[in-house]
Amino acid sequence: MAEFSKLSCKKGALNESLAGLFKDMLEKGVVDAVLVPSHQPVKGIMQTLIADPAKLDSADPFAPVVPVNSAKLVSSLTNVPSGRPVAVVMRSCEVRAFLELIKLKQASVEDLVLIGIDCLGRYENTDYLKLEQDGVTTQSFLEAVLSGKGTEISKGIDVAPACKICEYPEPDNVDIKLCVIGSGPDEVYVEWVSEKGKYVLDKLGIEAGDGHSGRDEALKQIMSERISERDKVFTELYEQVNTLEKLQEHLAGCINCYNCRVACPVCYCKECVFVTDTFRHPGDQYMSWGDNRGAVKMPAETLLYHMTRMTHMSTLCVGCGQCTSACPNDIPLAELFRSIANRTQARFDYHPGRSLDEPQPLAVFYDDELVDVTGQVK
Amino acid sequence: MSDEFEPTIVAFLCNWCTFTAADLAGSSRLSYPQNVKIIRMMCSGMVDPIYVLKAFLDGADGVFIGGCWPGDCHYINGNLKARRRVALVTEILKQFGIEEDRFWLRWVAASDGVMFRELSKEMTEKLKELGPNPLKVNKMIA
Chain A
1 MAEFSKLSCK KGALNESLAG LFKDMLEKGV VDAVLVPSHQ PVKGIMQTLI
51 ADPAKLDSAD PFAPVVPVNS AKLVSSLTNV PSGRPVAVVM RSCEVRAFLE
101 LIKLKQASVE DLVLIGIDCL GRYENTDYLK LEQDGVTTQS FLEAVLSGKG
151 TEISKGIDVA PACKICEYPE PDNVDIKLCV IGSGPDEVYV EWVSEKGKYV
201 LDKLGIEAGD GHSGRDEALK QIMSERISER DKVFTELYEQ VNTLEKLQEH
251 LAGCINCYNC RVACPVCYCK ECVFVTDTFR HPGDQYMSWG DNRGAVKMPA
301 ETLLYHMTRM THMSTLCVGC GQCTSACPND IPLAELFRSI ANRTQARFDY
351 HPGRSLDEPQ PLAVFYDDEL VDVTGQVK
Chain B
1001 MSDEFEPTIV AFLCNWCTFT AADLAGSSRL SYPQNVKIIR MMCSGMVDPI
1051 YVLKAFLDGA DGVFIGGCWP GDCHYINGNL KARRRVALVT EILKQFGIEE
1101 DRFWLRWVAA SDGVMFRELS KEMTEKLKEL GPNPLKVNKM IA
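Chain order of the listed sequences is A and B. For the first sequence, the working numbering assigns the number 1 to the initial residue and increments by one for each residue that follows. For the second sequence, the working numbering assigns the number 1001 to the initial residue and increments by one for each residue that follows.
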């Protein structure tokens, strides 16, 4: 049975209450540090590894911005484990990507207490900095969105397109959940999900009971809205980008900067083939392309790059939308990659981040499967 | 026009079975269509999806991967890995208008020169029906 603790927040004191919870965890020795989105000294929000309880005042876990998908950050923190317990605060897309990195042996979960937060979407980094300057706070964001006013908080500024089609407002596979959906920012419910979560509950000695009664209903509504939005995007993309030329059109602004793969939490190659000698062609190569075709677009091999990325990451794509955010030319990449991912993941009945026990599609193979590929029977 | 169209098929053949079968076809004087351009690989499991994409993006009308029958792989299971990758790449190609019939994975035993010839003919005929790789209209893509 799930156990919840209600975190009593004074009106407007959401971050204070959450900082209190983390402080308790540090002071009672449950963890040695907390990785949590925090206000930076001058401006902006970044994930910050906080070991000193006095520095938790800057923590803002629900801040509606994700400058970097934390899966990559937590991978840096754990790929060579420190052996010291750390709590990390992540939203669903980050947790799901992180699980995939664990399967790829690029991260480990042993030392971690995973704290998942409800997610109502994130703004692009530049937009968030503007909002911050205009005095929008996490509190006011949560209030506005949870009361049904929508995510377009200031005119022309809305959450990332990937978030509008994300069916995971709630994190799964975490130890502790921080829930605001259904209850609002003045009533955060802490759900102690796993054994590790319950161990933390024990250590902290907080009382636990039932959750907020309105939560399931509220979650269901958000999910159904986003799923219908998502399916619309899929259908549109499948119809519109259905030839290689249309794909070329979709990617017309691409300058081969490869930012999308840098930002992608599940683009797992330690060295991307596109920055190796394989693609550092001698001048002769370009000249012979020119001779054979009459003309060569430069930078060349744009489609090859994006399609190769699809073969590498699409089965693991969690739809976090960092590719779109990283694109200097505003190409709607998240829609493209997610739609393709939907197809390839369905082929292998695979959902990235669903379970640590499910092997990744290209990591296993069986004798008696996929016979339709060759259609041959001995 | 379709009478004159001669498709180009890039064939990645595993050294141990399908390539040997092609060799056998040759030494048995079984002729197979010149449309099939063979690249010998040590294993069908060596065919990186990027080779397939590159072939199509450079204008190949079809790509054929030949491997050993399941259970017969010289490297135990390279062919099974190839099968997973083919299933994946097919999903992606299909979305962008490269039909499933342009991308074949087939098992051909080393002793089966006849089967290699039959498959070569079959794929060439199929591609003649389908026509050229749609990308050929725009030769500027590398």
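Take the hints with a grain of salt, since some may be wrong.
Said to hold, decoys possible - Per the computed footprint, the stretches of chain B lying under chain A, defined by three or more beta-carbons under 8 Å from a beta-carbon of chain A, are:
1) 1004-1015
2) 1042-1054
3) 1078-1091
Claimed, not checked - Over the 12 Å line for every Cβ pair with chain A, so calculated as not near, a few chain B residues:
4) Ser1027
5) Ile1038
6) Glu1129
By construction, these hints were calculated from the structure, which means they are not laboratory data. All C-beta atoms in this analysis are idealised placements derived from N, C-alpha and C, irrespective of residue type, glycine included.
If you check each hint against the structure, which ones fail? Violated hint: only 1; rest satisfied.
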